[in-house]
Amino acid sequence: NAGVTQTPKFQVLKTGQSMTLQCAQDMNHNSMYWYRQDPGMGLRLIYYSASEGTTDKGEVPNGYNVSRLNKREFSLRLESAAPSQTSVYFCASSVGISNQPQHFGDGTRLSIL
Amino acid sequence: QKEVEQNSGPLSVPEGAIASLNCTYSDRGSQSFFWYRQYSGKSPELIMFIYSNGDKEDGRFTAQLNKASQYVSLLIRDSQPSDSATYLCAVTHSGGGADGLTFGKGTHLIIQP
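Each protein sequence line maps, in turn, to chains A and B.
Going by the numbering used here, the first residue of the first sequence is number 179, and it counts up by one from there.
Going by the numbering used here, the first residue of the second sequence is number 190, and it counts up by one from there.
Bound conformation, chain A alone (with noise of 0.2 Å):
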């Protein structure tokens, strides 16, 4: 049992090159975030899809677009990276949107030059 898998675990860009981050999980969860975690800022919530085919805006959405493709994957892209964008980022699931915890992935290590 994999629970949430993300891809890649490492990428370095260029300013101003798009990529996609990568999300499944296999707990027939309903719900799905992503978050990004830098030093001395904690977990910050970026976007979540509370059931398939919905998605909203966490705290920091600025510069990032999402996709929740299937009950199973949830997509970050980022258009154009700038290197505010390094970060550590993490996608997690849980069964519902209300009162449940979140199970993480291992997350992607993304630096920005």
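Below, in silico cross-link-like pairs of lysine-lysine (DSS-like), each with a Cα-Cα straight-line distance of 25 Å or less: (1) B:K191 to A:K235; (2) B:K294 to B:K245; (3) A:K249 to A:K187; (4) A:K187 to A:K235; (5) A:K249 to A:K235; (6) B:K191 to B:K256; (7) A:K235 to B:K294; (8) B:K256 to B:K245; (9) B:K231 to B:K294; (10) B:K231 to A:K187; (11) B:K294 to A:K187; (12) B:K294 to B:K256.
The set of hints was computed from the structure by calculation and includes no laboratory data.
Use these hints to put chain B onto chain A, whose structure you have.
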């Protein structure tokens, strides 16, 4: 603004002693409380959750919740070097919803052999 506060540490505890980690939150209507453990370079791992006032025990871990004081704590008995990690407190908002989970910045715990 809904906030979750944790002492960043480091908190240094001798092996075999009890480690006590504390968290306060600002939203009086918060309903669910989670503790995550994060090893350096790894993803957050759920270790405890508590919904009701009082204590909840799971092995060497005890979560304590006092909603009147807006305070939640995690006790680790018989601390082991493998418990050395950053512990994140997470709290749901009274409004519910997928964006209703706020993380503290974490307490860095060091268990000294």
